[in-house]
Structures are given as structure tokens and as C-alpha cells.
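S.K.: Could you build the full structure based on these sequences and the hints that come with them?
Chains R and L supply the protein sequences, listed in that same order.
Read left to right, the first sequence gives residues 83 to 292 (our numbering).
Read left to right, the second sequence gives residues 11 to 707 (our numbering).
Quick caveat, the hints were computed from the structure, so don't treat them as lab data.
Some hints could be false.
[Said to hold, decoys possible] Distance condition first, Cα-Cα at most 25 Å in a straight line; then the derived BS3-like pairs of lysine-lysine:
no., chain 1, residue 1, chain 2, residue 2
1, R, LYS256, L, LYS302
2, R, LYS246, L, LYS187
3, L, LYS332, L, LYS101
4, L, LYS288, R, LYS246
5, L, LYS21, L, LYS229
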Amino acid sequence: MELSVEPLYIEPPNRSGGKTHHQMDFSHERSLDEWNEAYQRIENYFLALGVENKLLLSSVVLKILGKASDRMESEDAGQSPVELACYEADRLLVDWFRNVLDDPGSEFKDRISARGRLALWNVQEEVPWQEYFLSDEPLPRHYREKMQTAYLHADPDFQFVEMKPRPIDLGLVKIASNTLERMSRRRKTFVRILWLIGILFCVWIFIATR
Amino acid sequence: MKTESHDSGWKMYLFFSIVLGITAIGSYLMADYLWRFGMEPLLVGLWIVFTILFGYLAFGFTHAATGFFIRRLGVRSAGLPPSPDLESTSKSSRKPRIAVTLPVYNEPVDRVFAGLRAIFESTVSVPGGDMFDFFVLSDSNQPEQWLAEEAAWARLTRECNGIDRIFYRRRPGNTGKKSGNIADFCRTWGKHYDYMIVLDADSIMTGKTFLHLVGMMEKNPRVALIQTAPRLVGGESLFGRIQQFSNRLYGEVFMEGLAFWQESGGNFWGHNAIIRMKPFIRQCDLPKLPGKSPFGGHILSHDFVEAGLLRRVGWEVWMAHKLEGTYEEGPQGIVESAVRDRRWCQGNLQHGMLLFARGFRGRTRVHLANGILGYVSSPLWLLFMILSAFAIGSNEDLLSAAPNGGAALLAMTAVLLFGPKILCLIDLLVDRKRTAQFGGASNAICSVILETVFSALLAPVMMLFHTRFVLTNLIGKTVDWSPQQRGASGTTLDEALAVHGWQTLAGILVGTVVALVNTTLFLWLIPVLLGLWLAVPVSVFTSLAGPGLAARKEKLFVTPEEICPPAEVAAALAPVEIPPGRFRGVVASVLDPFLNAVHVSLLRRNRRRLIQGNRENVYCADDVKSAPSKGAPSLQIRELAERFLSFGPGSLSQDEVMSLLSDIDNMLWLHREAWLRPASRLGAEWNDAIRMQRASL
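M.R.: As C-alpha cells, then:
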């Protein structure tokens, strides 16, 4: 793994001008706390991605913050360091995924990012991806192929078949339910029958317990 | 269908002749006793109800007696011829494809996936294990549940090298409940497979058992379904362990009796069974029943009906009751058991609609009627007691003459009630090796005595529960099919009071009135009243793990699986360690770079499934509406998403969270936005989670 030490070198804030390419701008508008938050956010994201090598982690975070700092200076878009740093991290990741997955740019960036993350997760055990993560050095061909074919198969190919309910003739129950349904439509008759049954039941209890 | 049927035909006639014979004797003795007091309508009613209940008792007794004699006389067990040995199944030139399906509906994720892992590992370890694919078919409709299942599935596939072997599919709707879930699987992937093994969320089966089942299916092309007899495992509470013990001790003898008469006219219990795909797809998409719920609509207890539909067109359904390596868990308390019974009661009563359906075979009708009577017998028993009380109230001699005039009847009833337990105990004690597996002879005898006492206390409680369930169903009240509670967390005193309070009150009230009116009757009723008076403490005590474990220490209610747990059972039931400091649930699906990607990938696949399926007229149009949406999220979804980020997941209702989680592009957007926004524009829950850093996958 070859790591450039260049991004690790941060010159002390020099507000009198003459900044180098990777020197960050801790300007008055953006406090040190905000840049610290951006640092932590990027670091947390890459930790969540499984980048555990401290050297690589610091290197990548500082590289991204450097780019964010540049952008802040050149665009003055009014965005916070966290936002700018995350945009840069996202852009770098998407570019790296496009490159690794051999995507000509046809997929939307959110989707290529998701596909890349999925591929990364799938090949974590087999591909030493951290050695090449976000670096300009290309991932060896057989690793690239592994990443490109690393899908999570939620299911086999569809082979649709029609499944239609078979009718069941309910026989006696159908006749009885039809009768009851007809009776329930004649509500008055039904209620009278229920009353009659109730009265007969009471009479029977009276006789039985007499 | 070239081979001969193994059905001998005469066994059913013999079996039911015995049942009818016993019932006729009991009914005659009762009539002989009652008619001494005149043939009054009340006594005729009493006699009719008694005859039905006595017949039902005789039915149970005959199972045990038949099973006992078959086992002890060394008669060849009723059932399919033994399957080819495992080696020939695995080395056979024909390699059938088998799908192992695990339908889940808001079940405990850790337990489900621990079980699946144990089953999968057991399967890949046997030769021929590569014939099996595994499907988790989720109908879960709670966000946390859904996401936990996805995460657990992704982890499992990677850790067990199960990519392309273990699959996950979640339906956006719960149409047709479990049978709809299985039908959805059949429509989409059924053509890939020759057989399907259906599991339940708490099922455990071994790879060897799978191979045996496949071997039996391959050898018997007339057979469409083979049901295994799962053993209860995982009991921790006293209730759970008593149920487990009875299932294991009595179950083997009863199953032998059941297998004797049902032969090829077996039943399906919904899980731990193998099914031939083609006839199932052709015959078993269940129609809706006419009328409204609870009797109309979707068929709830689908399994009995599916077996009936297969039998209707000539396929055979068998039970492989001798097959080892098939397990399930049971409820851990009286309350959980009652909750489960309430669901089953509704399903079984609905079978009343199908009892006289044209084309169903006789044995199918017996299974349906038995299921119905299992619940209807409770109100009948209550009715019998009420009628008896009225009869005794109108003629006191009825009771005082009982010891002399009704002695034979009383003795016969006692034999029918306790005979099966004694036969099962004898069956155990004559086999020394098996006796040792139940903790030794003295422990087994003590356990049976205590189990009988517990059953006597439990019976009146369950009678009142079942009566209530039957009556509420009859007046049209339906129940939700909520997932079963598993694990011995225990019933609290408050819960027990809320559930059993009315039973205890009823017991006290009836006891007081009867004691004031007729002391002799009160003494006769004490066994029933005692169960009601003690319902609350018994329910609490037996639901706790402590008494269950204490009984285990004393080697009471011990089962072979407790003494020597099979590797699969031990693995499935081992407590799952949850690694600390990981993203959880809804937050994880947004923040975790991997879980978010897995979730989006599954949404896309599911969307494609529903759209393609509808194009081929396999699914209904409603499903497409509930399919995960794609493209620019609507304004409403974006507003929800903004609220979601600013105030945290707790600010949204469950339905709102579900709609956010079902939107493909929104999930991608949320992942980017949650990481991109400064802390001041994110809810506290997000900031806390971001600080935890660790991915959940």
C-alpha cells in the first residue's frame, strides 16, 4: 500500500495568504469547531464503512477536508464545512466506485454509491480493498472483477407460475348459509324466529326445573 | 403415479368401530342411569351432551390404546415404507431441488435467524445438502422488525457462505396471511423446485431429516405431503416444561394411534412438513369463503384445508411420526397458550364451513371435525355441568344414587380419562433405555402424577377460555393473528388478574351458591372449582423460569432432548449475543452504509418482482400499488423525510416510517443527507448514533 504523506501535513493557519494546495482555511467565518465537526463526521463515516487502519483513515479524512477547504475558498457557497466535506467524500467515493465497478457514468450517483457499498461489503473478506481505497492506484483486475460481480442475491431468478384458487362447493353449508342469508334479509321474520326460540327455551327450562 | 398405494383401508373402520363401541357402552350406561328418574327433556338433553363428550373421550383413548398395542406387540407401524438410506438419497442420479421456506410475521429476529443458521449448517453438513435452498418469507409490518430481519439475513448469508443459498423476500402486504405468503412464494419461484419444506418461525429440523423426507417423496410418487411430528423443545417455565414432557411422553403413543387410522388420509399442521410442489401449486391456492369474517373470508387455518384439497384429487398425505430431528417450541405460560388457542379456535371453527364440502374425503372430514370439537367440547362440558346442576336441583336422588347406579359409568369415564396416561407410562417403563432418557422410572412416574394434577387444575380454566372464544366467534368477533410470544418472560400478577380474574370470580360465585344449596354437589364440583380459584397464582407460578428450572434440577418433567440436546436444537436456542455500539433499527437503515445499501437493493428486487409478476398476470394489481416506489420521491415523502431527519424517527407514525422505508430513492437521499448535515440540523437521535460510528453489519 502506498500512502502519500502529503495530505498528512497541515500547515498552521496562515491568514496572511500564500496557502499551499492542501492547507485548510480556518477563516473567521468558519470556526475551528466546525472544521472539527467535519473531521469527526468524515472519520465516523469511514469508520462505519469499515476503514480501520488509522493511518489510512487520517490520510483520507485530511485529503477530503483539504478539498473541502479549497472548495469553500473558491466557491464561497455559504455551506458549512460538514456539508462541503461530506460532498467531497461522497464525490470521491462515487468516482472510486464508478472506476472500480466500471460504470461509464450511466447510473445516478446515489445508486452507484449504494451498489459500491454493497459490493464492498460483499468482498470485504476476499479483497484487500483498504490498500486501494480512494487512492489513484487502480485496483488489480481480479479484485475489480470480484467487486463488479458482487451482488447480494436476495432470491433466485423469477419463474412465474399462475396459481388460481380452486372452487370449493360447500355443500350443505352453502344451502344453509344461503337460507340464513335470505332470512337475514327478511329482518323482521328473523327477529321473530329468534324471539320464538328464546321463549321456547325459557318454557323448556321452566318445565325442566319444575 | 405408478406405485401402489400403501393404504390398507380397513384400519379406519376398525378404529372407529372401537370408538363407536366404547361410546355406545358409555351412552347406554348413562341412559340406563338417567331413565331411572324418568325420561324428562332435561335428562334427554343431558344424555345427548354426555354422549358427544364421551365419544370425544373415547376417540382420544382409542388413539392411546391402539398406539400402545402397536408399539408393545411389535406390529409394523402404520406409515410409509422406510425411506431409502441417506446415502442412496444423496447419491441418487436424480437431484431434486428443494426449497426450505420459513414464513415469518413480526417474530423474534434473533431466534428466527439462530434457528435458520442451525438448520442451514446442519443441511450443508450432510451429503446432498446442496439440493436445498432456503427462503425467509417475511410478512413483517413493523419497521424495526423488517430492518432487523434484513440485517440478520445479510449477516447470515455472509457468515455461513450462504449467498445464492439463503434468500430473503418481504411482501409489502399481508394478503392471505401465512397461506398467502406461501402462495406468493409458489407463484414466483415454485417452478424452480420439486419439493418445498415448510417451517415455522420456531421450527428446528436437521439436515438428515430433510434427506429422509426427500427420499420418501422420491420413492412414493403418489404422495403429495408428508407431515413430521415435531417434538417440543426450549421449555424453561414450569408450564413450558410440562407441555414439553407430555408432548414427548404421550405424543409418541398417540401418534402411533393416529397414524394407524389415518394412513394416506393424513393431515397437514402447517409446518415441519415436505410438500410436492406441482400438486400444491395446482390445488392449494385457497379460495375465500363466502360471507363475512369470522366464518367467511380468508381461510385462517389453511393447513387442514390444503391437505383436504390434495386428498380431494387423489394425492396421498402421510405422517412420518417416527422420524427424528424435527422440533418446535411451545408457549411458556397459560396466558400465551390461551392467546394461541384463540387464534386456532377461530381457524378451526371456520372449518365448520368446509365440513360438508363436496369432494372432501371422509378422513379429511374427521380431521376437520376433530379440530372443531377440540374447542366446541369446552362449551359442551360447561353445558353438561349446567344441565347436571339443574337436573340435580330438580331431583336430588340423581346425585345420591350415583355411587351405586353409576359406578360402572364412573369407572369407565375414569379409565378413558386416565387410561391413556397410564398406558403411555407403561410403554415408557418397559423400555429401560427410554426410561433413562426421561430421568429414570421414579422421576417419570412422579412427573406423570404431577402433570395429571396440573392438567386437572388447568382443564376448567381452559374450558372457560375456550367457551369464551367459541361464543365470541359465534357472535362475529374476530381476532388478529398476532405472533406467538416465546421465551419464559413470565406472566405478571396484574396480567394474570386481568386474564383470569373473571374465572376466579365465577368460581367463587358458583361455589358459594352451590355450597348453600347442595353440599354434596359442592363436594363433587370441588375438582373443577379448585382450578378456577387457583387460576391466578397457578398461571403466574407456572409461567416463571425459576420453578421450571428447579423442577429440572429435581429431574422432573425431563425429556430426552433436555438430557442430550441435539446440536441443532442447542445452537438454535443458545442466547444470541448482541454486539454493543452498533446502529440499530430505523436509524441503522439510514446511517449504516452497508445496511442502507442492502435495504435499497432488496427494495429494488422486490419492486421488480411485483412489476414483472403483474405483467405476467401472476399478482393482483393491488400489489403493485404497495410495491417499493422508485424515482423522485413525492413532495409528501420529502416532507416526511425532512421531519424524520430534523426531529428523529420518533416524530413519525409507524405508517409514515414504513412509507419512507419503502421508497428506494428516498432511502438513498436520506443516507446522504443524514451524513451531510451539520449537527445543528439533525435530530438528537441521529447525532447520538453518528457518534457510535460502528456499522451494524
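S.K.: Find the hints from earlier in the document that the structure breaks and name them by number, from lowest to highest.
M.R.: none
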